[in-house]
Amino acid sequence: TGFYLDQRLARQRVQELAAGRRVLDLFSYQGAFSLAALRGGASSALAIDQSAPALERASAAAAENGLVGLEVECAEVFAWLRTARRAERRFDLVVLDPPAFAKSRGEAEAALAGYRDLNRLALRLLAPGGYLLSCSCSHHVSGVQLEGVVRQAAAELPFRIILRERIPAAPDHPIWVSLPQSEYLKVLLLQRPCVVPEPPRP
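Our numbering numbers the first residue of the sequence shown as 11 and each following residue consecutively.
Honestly, the hints are just simulated from the structure, not real lab data.
Keep in mind that the hints are not guaranteed to be accurate.
[Said to hold, decoys possible] Across the chosen pairs, the derived CB separations fall in these ranges: (1) Ala85 with Phe169: 35 to 45 Å; (2) Gly30 with Trp186: 39 to 49 Å; (3) Pro181 with Asn75: 35 to 45 Å; (4) Gln191 with Gly139: 17 to 27 Å; (5) Gln162 with Pro138: 16 to 26 Å.
Since we're looking at a predicted model, the values are computed, not measured.
All C-beta atoms, glycine included, are put in the ideal place defined by N, C-alpha and C.
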């Protein structure tokens with residue numbers, strides 16, 4: 011359908027956080043996160059995807075639902091992020107929901123490198139107080155591994171990052187204890203705080 015039902019809780023969280031924020035939706039496809047953000051009162055939402063037809067559907071859906079403030083841009087996300095970094099662009103809420111990078115176990119190492127680069131570039135665009143919703147739907151990349159590459163990406167930044175939440179798949183996408191592959195969706199809500207918190211005492 012292009013409307014991924016497993017991400018329902020993540021979209022709900024974006025809608026809750028969006029009021030007054032400038033939102034960047036990377037790998038937006040048909041713009042479900044952008045539409046949720048605008049419904050939540052985002053001041054603007056910029057959807058980036060390589061599929062022009064998908065972006066056209068996002069624009070049509072925004073118009074049909076009376077949502078204003080959506081911009082779409084057809085671009086390759088890695089290249090777009092590097093250009094945005096050089097231009098020192100800033101956003102208050104960034105959604106990073108790429109397609110599966112690892113479709114086999116042998117692709118996991120390259121996938122982790124890709125996730126690390128994506129998260130590093132996306133985190134650099136956060137304004138103080140801004141949030142990054144970082145997702146992976148690769149079942150060959152575990153939640154522990156995703157958090158590890160996010161930690162590596164954050165270590166390269168000139169500011170601190172807080173892990174606020176781990177958001178599960180919607181309840182109608184259960185994790186079967188006998189089927190590890192059913193835990194394919196990992197979603198992290200990260201924040202660049204406005205004020206740098208004191209590190210915990212040992």
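Against the structure, the hints:
Checked against the hint of 35 to 45 Å, the C-beta distance between Ala85 and Phe169 comes to roughly 26 Å, which is inconsistent with it. Separated by about 40 Å at the C-beta atoms, Gly30 and Trp186 satisfy the suggested range of 39 to 49 Å. At about 25 Å, the beta-carbon gap between Pro181 and Asn75 misses the expected band of 35 to 45 Å. Restraint check, Gln191 to Gly139: a C-beta distance of roughly 37 Å breaks the suggested window 17 to 27 Å.
Remark: the range hint 16 to 26 Å for Gln162 to Pro138 is upheld by a beta-carbon distance near 22 Å.
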